[in-house]
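**Q** Spelled out from the first residue to the last, the chains are:
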Amino acid sequence: MSTNNQGIRDKVAVVGVGCCAFGENWNQSPSDMIVDAAYEAYEDAGIENPQQEIEAVFTGSLYTTKGPFECSDALKLFHRPVTMVSNYCATGTDAFRCGVLSVAAGLYETVLVLGYDKPKDRGVSGPSVMMDGVRDLPKTPAGWFSLCAATYFEKYGAGREDLARIAIKNHHNGTLAPKSFLKREITLEDYMKARIISWPFGLYDCAAQTDGAAAAVITRADRARSVRDDPVLVKAVSIQSGPNPQKDPGNDFLSWKPSAWAAEEAYGQAGIKDPAAQIGVAQVHDCFSLTELLSYEDLGFCEKGSAKEHIADGAFELGGRLPVNTDGGLKTFGHPTGATGVRMIYENVLQLQGRAGERQVSGAPERMALSHNIGGHPTACGIAILGRD
Amino acid sequence: MAGIAAFGAYIPPTRLPLAYLAGRPAKEGGPEKAVAWNDEDSVTMAVAAAVDCLSGMDRDCVDGVLFASTTHAFREKQAAALIARALDLRGDVRTADYSGSLRAGVSALRGALDAVSGSDAENILVIASDCRMAAPGSALEANFGDAAVAFLVSSENPLATLVGSHAVAEEIVDVWRSEGDPFVHSWEERFVVQEGYLPQMAAVVEGLLDKTSTKIADYARVALYAPDPRSHAALTRKLEAAPRTLEDPLFRKVGNSGAAFAPLLLAAALEAAAEGDLLLVAGYGDGAEAMAFQKCGEGRASGPSRGVAGHVARRRTVASYDRYLKARSLTPAEWNRGGDPGLSATVHFRERDEDLGFKGQRCRSCDAIQFPCQRVCESCFAKDDFDRVRLSDRRGQVVTYTFDYFFPNPDPPTIVTVTDIEGARVHLQLVDCRPEDTRIGLPVEFVFRRIHEGGGRPNYYWKGRPIDPGETA
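The listed protein sequences correspond, in order, to chains A and B. Under the working numbering, the first residue of the first sequence is numbered 6, with each subsequent residue one higher. Under the working numbering, the first residue of the second sequence is numbered 1200, with each subsequent residue one higher.
Source of the hints: derived by calculation from the structure; they are not laboratory data. All of these numbers come straight from a predicted model, not from anything done at the bench. Certain hints may be false.
The calculated SDA-like cross-link candidates involving lysine to any residue, where the alpha carbons are at most 20 Å apart (straight line), are [stated by the list, open to error]:
| # | chain 1 | residue 1 | chain 2 | residue 2 |
| --- | --- | --- | --- | --- |
| 1 | A | Lys198 | B | Tyr1604 |
| 2 | B | Lys1558 | A | Asp141 |
| 3 | A | Lys252 | B | Arg1589 |
| 4 | A | Lys252 | B | Asp1583 |
| 5 | A | Lys160 | B | Gly1640 |
| 6 | A | Lys252 | B | Asp1619 |
| 7 | A | Lys252 | B | Arg1563 |
| 8 | A | Lys160 | B | Ile1639 |
| 9 | A | Lys252 | B | Glu1550 |
| 10 | A | Lys252 | B | Gln1596 |
| 11 | A | Lys160 | B | Asp1619 |
| 12 | A | Lys252 | B | Asp1586 |
| 13 | A | Lys252 | B | Phe1585 |
| 14 | A | Lys160 | B | Glu1635 |
| 15 | B | Lys1558 | B | Ser1591 |
| 16 | A | Lys252 | B | Cys1576 |
| 17 | A | Lys252 | B | Glu1621 |
| 18 | A | Lys252 | B | Arg1561 |
| 19 | A | Lys252 | B | Ala1581 |
| 20 | A | Lys252 | B | Ser1591 |
| 21 | A | Lys252 | B | Cys1579 |
| 22 | A | Lys160 | B | Gln1596 |
| 23 | A | Lys252 | B | Asp1552 |
| 24 | A | Lys252 | B | Pro1642 |
| 25 | A | Lys198 | B | Pro1612 |
| 26 | A | Lys252 | B | Lys1558 |
| 27 | A | Lys252 | B | Gly1640 |
| 28 | A | Lys252 | B | Arg1551 |
| 29 | B | Lys1582 | A | Pro254 |
| 30 | A | Lys160 | B | Asp1636 |
| 31 | A | Lys252 | B | Pro1571 |
| 32 | A | Lys252 | B | Lys1582 |
| 33 | A | Lys252 | B | Ile1639 |
| 34 | B | Lys1558 | A | Pro254 |
| 35 | A | Lys252 | B | Arg1664 |
| 36 | A | Lys252 | B | Gly1622 |
Make a model of the complete structure from these sequences and hints.
**A** Listed below in structure tokens is the structure:
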């Protein structure tokens, strides 16, 4: 397929971001969280009269049954286009992408992107065990994402101790993020003693289940400096679909195809030749620890099969060569599906602007920042790459 | 001459040590009973017995299916049609259920023999399967077991021909289960045996001997239903049957399998019989029914069959009484807050070939086999150019797996795999396998099981099961 894959670079800027506190938000409605996230982003972008300044909204949620109206009603943004996007765990990144495309196309000047979800109103502690077809197996995300473990471990000799280091790292990073849900260090012993959810995943390999919302205000790059001195430019935003690995005859269960494909597309757009050198900070989809491990390789941060050596070297820790999930990731923020991709953009914008506090990665503003979601069986991946100029 | 051309059996491999019922730990080699696990019921066991019976045969030869059971899940809805679909039989197959009586198994067998004699049909599959529930702690609990048996009744090339038959009917409330009650109940044991079981069984056997001008001593194998071991012994004394001719009633191994019981013993007798042997089978319930057969040849089965002996030998012990209670839904459980997903009957209907018949497709352009059926080929992108192929009687290999502790299961974990079936990849549960025996490359065969109860109904699908090491071809 031939695409004009550099057509999007530097056309659109992020000028404001917001994020509500993620957690078991028993006392907050979806509207409450939407308002928290959006108004923080308005303030960050210097928007004083959103009803006049926001021209269009792209929102994403997997669990809501109310459609885009939930967002437009919460923010009282009427008489303008409000669109809802759904793309499994890549929903937030896809909502961001649709907003970016609309600005790049010249349709709007100022657009709000807002991702949210409220799974904790369902009365279950984990994801639902859903059965909507006769032949549906336990439809547990852990059961889907663990299918690469037996094969990967056998081929590359990795094991649960390698996954443990990812969980320990993310728990640590979460203690430094004010809006994270889990703010608790864990030890290798905690990890090993936890109950198994779906082998090899124990409790600490799994993302928490939380409510949350995150927002970004985007505008045309050529007017971004009139809004703020340190705008962040969109270098790339990609979405790729993949076959269901459970029935794909060509799947080797050593990597997830959509991640590699979305990375290829995004690196083309951003002009990235050496991701390990050109990317300074990354938020990757750690719905499960192994998903993060495979992403190191599928995104080209290291060679296929070599992740455990880089984990052992601390390459992906704060202070490492390429810090990953600097805010604690899905592990400590949880995974309100529609919110996650936008929450990652929130963190990357803070990192690029040197506003990430104790977890600030030195040198991050000089390089590019990547965010990545993969979801479904997994069957979809979204990547956004941001940079200062 | 009408007779039995092939037979097969299914006994669930899960065994409950009877010691558990007395609160004692299991003893190696101690008495036990066969129990259907939580993904099994009379329908899944029937499919397994039928697969065993039809091994190596062209299934298009089957003209009819008679299913006998007292424990089909639906009050209104036929099991035989579902079983015919799971077996991928012809669309114009005749189907009927025999139910409501312990005697249903032998009655269905007799009905099939009549149909074949009357040349209404050439080959009829008769399946008896039961999974009766006894209240925990009741006297019946130790005697009941679960099993299924299947016969292909035919006038063509039988292995045993019908010599004669006899039936008696009697009204007696001795053993019963009423509407809405999960448990079988029994009146006082001495009444049941003295006024029901013994006189009715003696009358039906004596009537059969009269009709066929035979004596009990002429029979090489005698297969008799009995509510318990003592009654079995009392009846054989009354009939003066020689102990060596008695078919082992399998108490303390399998248990009283209800409507399947007498037919299962007939299958065991057929396994042991020599050419020319006379066999007698008698079933009980609301009267009694008996038949005499003569072994006359090898029959029609051409593939390997596990039969009764093979299934008695294949066993695993339940870890605890509590696990058994959970598997049979006999303990109070938390209401599922996920809610009833309201599974669509339309979807169920549309996908019946794939879900029940386990049919995939072969691409006419590139030959790739795939599942489920799709409009566009997964490999070469050809559109609408496929032949449907049955996957259930093929074999597969585990590509990858996980042990899911999150999925509701009385005996976690649920083993979930991606299994390769001649190139098709299928997300499948693996059953009758321990986690420690699960590995990449494990060869598996396919079994028809319950998968979940979405929509408030039992839903059935296929699962993988390791092939016995001795059986790998």
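**Q** So, for every hint listed, does it hold in this structure?
**A** Hint-by-hint comparison with the structure:
1. This hinted pair checks out: Lys198 (chain A) and Tyr1604 (chain B) have alpha carbons roughly 15 Å apart, not beyond 20 Å.
2. With a CA separation close to 16 Å, the supplied pair Lys1558 (chain B) and Asp141 (chain A) stays within the 20 Å bound.
3. Using a Cα cut-off of 20 Å, the hinted pair Lys252 (chain A) and Arg1589 (chain B) holds, with the two alpha carbons roughly 17 Å apart.
4. Restraint check for Lys252 (chain A) and Asp1583 (chain B): satisfied, since their Cα atoms lie roughly 18 Å apart, inside the 20 Å limit.
5. The hinted pair formed by Lys160 (chain A) and Gly1640 (chain B) meets the criterion: a straight-line CA distance of about 14 Å does not exceed 20 Å.
6. Only pairs whose Cα atoms come within 20 Å are accepted, and Lys252 (chain A) paired with Asp1619 (chain B) is accepted, the gap being roughly 9 Å.
7. The suggested pairing of Lys252 (chain A) with Arg1563 (chain B) holds, with an alpha-carbon distance near 19 Å, which does not exceed 20 Å.
8. For the proposed pair Lys160 (chain A) and Ile1639 (chain B), the alpha carbon gap of about 11 Å is at most 20 Å, so the pair holds.
9. Simply put, Lys252 (chain A) and Glu1550 (chain B) have alpha-carbon atoms about 17 Å apart, close enough for the 20 Å limit, and the pair holds.
10. For the hint linking Lys252 (chain A) to Gln1596 (chain B), the alpha-carbon distance of about 14 Å falls within 20 Å, and the restraint holds.
11. Using a Cα cut-off of 20 Å, the hinted pair Lys160 (chain A) and Asp1619 (chain B) holds, with the two alpha carbons roughly 19 Å apart.
12. Straight-line distance between C-alpha atoms of Lys252 (chain A) and Asp1586 (chain B) comes to about 18 Å, which keeps the hinted pair within the 20 Å bound.
13. Proposed proximity of Lys252 (chain A) and Phe1585 (chain B) is supported: the alpha carbons are some 17 Å apart, at most 20 Å.
14. For the given pair, Lys160 (chain A) sits about 19 Å from Glu1635 (chain B) by alpha-carbon distance, which is consistent with the 20 Å threshold.
15. Between Lys1558 (chain B) and Ser1591 (chain B) the alpha-carbon distance is near 8 Å, which keeps this suggested pair within the 20 Å criterion.
16. Between Lys252 (chain A) and Cys1576 (chain B), the direct Cα distance comes to roughly 12 Å. Compliance with the 20 Å bound is thereby established for this hinted pair.
17. Taking the CA atoms of Lys252 (chain A) and Glu1621 (chain B), the gap is about 12 Å. The hint holds against a cut of 20 Å.
18. A hinted pair counts as satisfied when its Cα atoms are at most 20 Å apart, and Lys252 (chain A) with Arg1561 (chain B) qualifies at roughly 14 Å.
19. At roughly 17 Å between alpha-carbon atoms, Lys252 (chain A) and Ala1581 (chain B) fall within 20 Å of each other, so this suggested pair holds.
20. Taken as a hint, the Lys252 (chain A) and Ser1591 (chain B) pair is honoured in the structure, with Cα atoms around 17 Å apart against an allowance of 20 Å.
21. For the given pair, Lys252 (chain A) sits about 15 Å from Cys1579 (chain B) by alpha-carbon distance, which is consistent with the 20 Å threshold.
22. Proposed proximity of Lys160 (chain A) and Gln1596 (chain B) is supported: the alpha carbons are some 18 Å apart, at most 20 Å.
23. Between the alpha carbons of Lys252 (chain A) and Asp1552 (chain B) the distance comes to roughly 18 Å, so the proposed pair stays at or under 20 Å and holds.
24. The straight-line distance between the Cα atoms of Lys252 (chain A) and Pro1642 (chain B) is roughly 18 Å, inside the 20 Å bound, and the hint therefore holds.
25. Taking the CA atoms of Lys198 (chain A) and Pro1612 (chain B), the gap is about 17 Å. The hint holds against a cut of 20 Å.
26. Proximity of Lys252 (chain A) to Lys1558 (chain B) is assessed by CA-CA distance (about 14 Å); at most 20 Å being required, the pair is judged to hold.
27. The hinted pair formed by Lys252 (chain A) and Gly1640 (chain B) meets the criterion: a straight-line CA distance of about 17 Å does not exceed 20 Å.
28. For the hint linking Lys252 (chain A) to Arg1551 (chain B), the alpha-carbon distance of about 19 Å falls within 20 Å, and the restraint holds.
29. Under the criterion of a C-alpha separation no larger than 20 Å, the hint pairing Lys1582 (chain B) with Pro254 (chain A) is consistent with the structure, at around 18 Å.
30. Only pairs whose Cα atoms come within 20 Å are accepted, and Lys160 (chain A) paired with Asp1636 (chain B) is accepted, the gap being roughly 19 Å.
31. Between Lys252 (chain A) and Pro1571 (chain B) the CA atoms are separated by roughly 8 Å; this keeps the pair inside 20 Å, and the hint holds.
32. A C-alpha spacing of about 18 Å is found between Lys252 (chain A) and Lys1582 (chain B), which places the hinted pair at or below 20 Å, so the restraint holds.
33. Restraint check: the Cα-Cα separation between Lys252 (chain A) and Ile1639 (chain B) comes to about 16 Å, which is no more than 20 Å; the hinted pair holds.
34. For the hint pairing Lys1558 (chain B) with Pro254 (chain A), the CA-to-CA distance comes to about 17 Å; that is within 20 Å, so the pair holds.
35. Annotation: proposed proximity of Lys252 (chain A) to Arg1664 (chain B) holds, straight-line Cα distance about 19 Å (limit 20 Å).
36. Using a Cα cut-off of 20 Å, the hinted pair Lys252 (chain A) and Gly1622 (chain B) holds, with the two alpha carbons roughly 10 Å apart.
In this structure, every one of the numbered hints holds.
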